[in-house]
Structures are given as structure tokens and as C-alpha cells.
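Undergrad: Chain A is fixed; fit chain B onto it per the hints.
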Amino acid sequence: MYQYAEALTRLIEQFACLPGIGPKTAQRLAFYVLNNMGQQQVEAFAHALLQVKKSITTCPVCCNLTDLTPCRICQDEQRDVTQICVVEDAQAVIAIEKTREYKGLYHVLQGCISPLEGKGPDDLRIKELLVRLQEGRIKEIVLATNPDVEGETTALYLSKLIKPLGVMLTRIAHGVPVGGDLEYTDIATLTRAISGRREV
Amino acid sequence: MYLEKLTLTNYRNYESLNSDFSFQVNLLRGFNAQGKTNLLEAIYYLAIGKAYRSIREDQLIKWGHHHFSIKGQVKNKIGQTNLEVFFHNQQQVKQLRRVKRVQKEIKVNGLKVGRTADFLSNLTAVLFAPENLSIIQGSPTERRKLLDYDISQVNPSYFLQLQQYQQILKQRNHLLRKIVQGRGGLNELEIWNLQLKNVSESIIRKRLQVLEKLTPLTRLMQRKLTGGRESLEFKYYFNRKKEIKNGDDLSDLLDREIKRVRTEELNRGITLWGPHRDDFLLTVNGINLKIYGSQGQHRTAVLAIKLAELEFFKSESGEYPLLLLDDVLSELDQERREHLLQIIQSKAIQCFITTTEDVSSFWHSKSNFASFYVENGVLK
Numbered sequence: 017m018y019q020y021a022e023a024l025t026r027l028i029e030q031f032a033c034l035p036g037i038g039p040k041t042a043q044r045l046a047f048y049v050l051n052n053m054g055q056q057q058v059e060a061f062a063h064a065l066l067q068v069k070k071s072i073t074t075c076p077v078c079c080n081l082t083d084l085t086p087c088r089i090c091q092d093e094q095r096d097v098t099q100i101c102v103v104e105d106a107q108a109v110i111a112i113e114k115t116r117e118y119k120g121l122y123h124v125l126q127g128c129i130s131p132l133e134g135k136g137p138d139d140l141r142i143k144e145l146l147v148r149l150q151e152g153r154i155k156e157i158v159l160a161t162n163p164d165v166e167g168e169t170t171a172l173y174l175s176k177l178i179k180p181l182g183v184m185l186t187r188i189a190h191g192v193p194v195g196g197d198l199e200y201t202d203i204a205t206l207t208r209a210i211s212g213r214r215e216v
Numbered sequence: 052m053y054l055e056k057l058t059l060t061n062y063r064n065y066e067s068l069n070s071d072f073s074f075q076v077n078l079l080r081g082f083n084a085q086g087k088t089n090l091l092e093a094i095y096y097l098a099i100g101k102a103y104r105s106i107r108e109d110q111l112i113k114w115g116h117h118h119f120s121i122k123g124q125v126k127n128k129i130g131q132t133n134l135e136v137f138f139h140n141q142q143q144v145k146q147l148r149r150v151k152r153v154q155k156e157i158k159v160n161g162l163k164v165g166r167t168a169d170f171l172s173n174l175t176a177v178l179f180a181p182e183n184l185s186i187i188q189g190s191p192t193e194r195r196k197l198l199d200y201d202i203s204q205v206n207p208s209y210f211l212q213l214q215q216y217q218q219i220l221k222q223r224n225h226l227l228r229k230i231v232q233g234r235g236g237l238n239e240l241e242i243w244n245l246q247l248k249n250v251s252e253s254i255i256r257k258r259l260q261v262l263e264k265l266t267p268l269t270r271l272m273q274r275k276l277t278g279g280r281e282s283l284e285f286k287y288y289f290n291r292k293k294e295i296k297n298g299d300d301l302s303d304l305l306d307r308e309i310k311r312v313r314t315e316e317l318n319r320g321i322t323l324w325g326p327h328r329d330d331f332l333l334t335v336n337g338i339n340l341k342i343y344g345s346q347g348q349h350r351t352a353v354l355a356i357k358l359a360e361l362e363f364f365k366s367e368s369g370e371y372p373l374l375l376l377d378d379v380l381s382e383l384d385q386e387r388r389e390h391l392l393q394i395i396q397s398k399a400i401q402c403f404i405t406t407t408e409d410v411s412s413f414w415h416s417k418s419n420f421a422s423f424y425v426e427n428g429v430l431k
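As given, the protein sequences belong to chains A and B, one line each in that order. 216 is the number that this note's numbering gives the last residue of the first sequence; the numbers go up by one with no jumps. 431 is the number that this note's numbering gives the last residue of the second sequence; the numbers go up by one with no jumps.
Next comes chain A alone, as it looks inside the complex (with noise of 0.2 angstroms):
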């Protein structure tokens, strides 16, 4: 019996390793780089994938992805030093940049609290976030953690830790999405929008 000669087999075994990818969509991908792409698109392909393992670190302050040390965010004079936004994920920064309503600092814990999934606070970067802290010029922390059980854990968990610095703490709002229907939000969603309402 005859295989795929070896340097396409060792590709399909590549692709197969990533997510969501299942062995037929690995040929798949193997057969359209053979045959689809030119020279020039595959090496910028695979420079793309050595550049992201090769550029990309951790932010020591933030704890964001990042090609500079600190990242452009912590070094961009621009922005209020003073606030501190702490997501999860960078995702969520990306997601919050959008808006360009907020002008404050991020920190990025790098997940959350989920015993499940075998991570607890000390697996978070929950130190470098009370050492900036401790450099003083921070007045608010704005806790931006998704609004599952784990996010709310994580943020609660914060709160404790935090709240007795004396730093004014906030937790982003719940509630309907703008643009959207009552009619078709969701209960849960709509009982944490009625429980958070506030006065006009």
C-alpha cells in the first residue's frame, strides 16, 4: 500500500494538530498549499508562523501580548495612567480597544479562577497586578472578567483582595444589548439588567 509521499503526510500530521481541524480538513488544506499556492504566498506563510512564536512575548507590566517591551499600550503617553482595566484574556483588550471610549491601562490575568479547569489565583497574573498597585499613581480598577461563574468568582476574589488598598473598584455593567429588543433578550440577561437598573 502507498501513502502520501512523506513531506505532504508530515503536513497533513501538522495541520491535524491544530483545533477544530479533523484529519479530512488537514488533507484538505495539505492539497490546496501544494497545489493552489504560489511560492511567494507559502513563505510568507510560513515566515507568519515563525515571526508570531519568534516577535511575540508577554508584557511585563500588563501581562498583554506584545512585540515591544512594554507594550504599545503601556508606553503610549496618551493614555490615563491612573485606571486599570483587568480582563482576562487579550481578546478582551482588543474588544474594549473597539470601543475607543476607554483611555485607561490594561491588565491582563491571562485566564480565570476555575478549579475545573485546574487554575486558581496563583495561576493568574494576579501578582503584577497588586505590584503596580504598589507604585501608587492608581486610583480606579475597572474589573472587566466575563459575566459567567468563573468571571464573577474571579472578580469577587479581586475585590477582596483589592478593596482594602484603599483603590476606588468597579465592575463593568450587565445588562441588554444596545441596539437590541427586549422582546428577544434573554432571561437571564434582562433580570441582571432589571437588578442593575439605576436612577435617572
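Hints listed in this document are in silico derivations from the structure and should not be mistaken for laboratory results. Glycine residues also receive a C-beta, built at the ideal position from the N, C-alpha and C atoms. Some hints could be false.
Straight-line alpha carbon distances no greater than 16 angstroms define the calculated EDC-like cross-link-like pairs of lysine to aspartate or glutamate that follow [said to hold, decoys possible]:
1. B:K221 / A:E133
2. B:K163 / B:E135
3. B:K158 / A:E199
Computed footprint of chain B on chain A, listed as stretches where at least three residues anywhere in the stretch have a Cβ under 8 angstroms from a Cβ of chain B [what the hints assert, rightly or not]:
4. 162–173
5. 197–211
TA: Quick look at chain B alone, frame taken from chain A:
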């Protein structure tokens, strides 16, 4: 509210059913094992959004098929609502691996809803089946289930709290096991205590409130059924030991309990407090019904609770729920049966009654009365 129309596909022994129902009495006659209970079960599925009797849902599919669906057309005070449940279970052998794809979809008026909580309270139903005696005779789990199903139907946010509770409990148990095994984690225990305590407090408070509302209603029904001879009462037991009442300081109680069981929790690695360990008892004239009551007293008490539930649902949602009576007419003596039928006829309650014998003679008025003969998954 009323169930106007029910459509079943590959559900249990129903390959295809499409039936309209009467707004009052629907009698389902037939021999054993013809599908009478399955029909009630399908209706109840639309009320609680899942299989009753904690059966695995893939077992509801008719043998030899891969999916089932239940569709109901409900008319309530607001208008007409279409409910739909679709469950698909396909086992495939793919690249020598067995792949199991389970898909459950629930729709309200043709729109897919993501959470079961959004599905609830569109159709409410009270089910009375012979096995309901377990409310008295069975384990605490059965009693908690009764409360949880009932409250969830009229208060979907309670259902969400239960789900949240389960998730926190799972996390906390995992953490306790980790601590027992000496893999650290003691520093986050307090935070999980706090999380669990918050949800526990609102779940227990809601249960106490509901029991407080159910008590006078049940007592009234019980007196009617027994001619004023007995007085029934619910007692809620925190952690199965301490009796508590609506209005008690739950926060303080939970704090003390958390402290009390801490050492044992850290030895055994499981959570030893919370609403999943509570129980409630039924007493008649102050005597524990589970231990000292007769079989007949149990049956009357359960009937009284079920009738009280009808009124409770009405007071919470402004409408009577459906009443599903599974094979109970034959078990009641004449006095109780007549009282039950009188209640059904005097109020705007749609009910579905299964029976093996012809009981249509029990009804004096035959308006709004429909009788079906069930034979091997077909209604006639």
C-alpha cells in the same frame, strides 16, 4: 391556558400524531402499554423543557429512528404561542471512530431560544401520577424536584439560579477534592463559599416563600377532601436537620453552617451544605406523614398538594395550568374522586386524564368533553 393542538413525531410509541383537544376534559382511554402516559409526558415536556422522571432524552426517540419532535399550540391570556422541541441523535461511524451528535433545539413561535429558561412559563402544567406518592415516601431528592419544577415553571429566573448553583457547586467540589489531595487551593475556598452562599440564599428564600404560599392552599384542599378532619403543614429543613421558616436570617445561618462543616468538608472533599441538601416534611396534625401516615393519607395529601399547586400557579401567573392526571381516578375513593371532578368542572382548567376503564359516566355535563381511545400510538 389551553393546549389546542399537539403534534408528535417519533416520540416514544407515536410515529406521527396530530390532534386537537377540548378546552376542558380530555379522556384518554386504552389498555396498558398503548401510549397514554407517553402523551401526558410529551405535554409535560413542553411545560418543563426537559424529560420528566430524569430519563435520558435519547430514550424518548421511537425505536429505529434518530429524532423526535413535540409541537404544541398553546392559547393563553395573551394569545397563541407555538412551542416546539426537536431532538436529534445520530450515531455515526466516522473514520473508525464512533461519533455521537446530539442536537436539541427549542423554539417559541418559530424562533430558536438558547436557554431552557426562555422556554418555560409559556405552558404550565401540574402532573399527578401514581409515582407522585414519592413526594411523601421517597427521598429528599423527589421533594426538592417537586418544588424546583413548580417554581421554575412560574419563575424562570429561579431555574437560572438553579443552573448557576449547579455550576458553582461543581467548581467548589472540584476545589475541595484538590485541597484534600494536597494540591493547594485553600486560598480560594473562601471566595467559592461566598459565591455558593449568595445563590443558596436566594434559592432557599424562594423555596420558603413558595412553601408559605402553598401551605394554606394545601390545607384548604386537604380539609375539603377529608371533611375538615386533618390539618396539613410543610416543614422546611435546612441541611435536613434544622427547621427554618420564611423570614429567618439565612445569611447568618449559612455562615454558621459553613464554619461548622468546614473540617468535615476538608476531610471528605465534598460540599456539605446548600439547597441540594435541604428537605421538607409533611405533617398532619403535627405528625410526620412519611412515617406515621397510611397509604390512603399519603394519597390524599399528594392530591391536596397538586390541587393547591393549581391555585398557586393561578396566583403567580394569573392563569390555571393544565392538569395532567395519570391513572389516578381508579385509585381514589368515590368522595375524593367526585371532589376532584367537581374542581375540574367548576374552574376553567383543561385536563388530560388517562384511564384503563370507561369513566365518562362520571361527568354529568358532556359539553367541552372529548374522549380518545389510545391504541398502539394512535388516537381515535
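Undergrad: Report the numbers of all earlier hints that the structure fails to satisfy, in ascending order.
TA: Every hint satisfied by this model.
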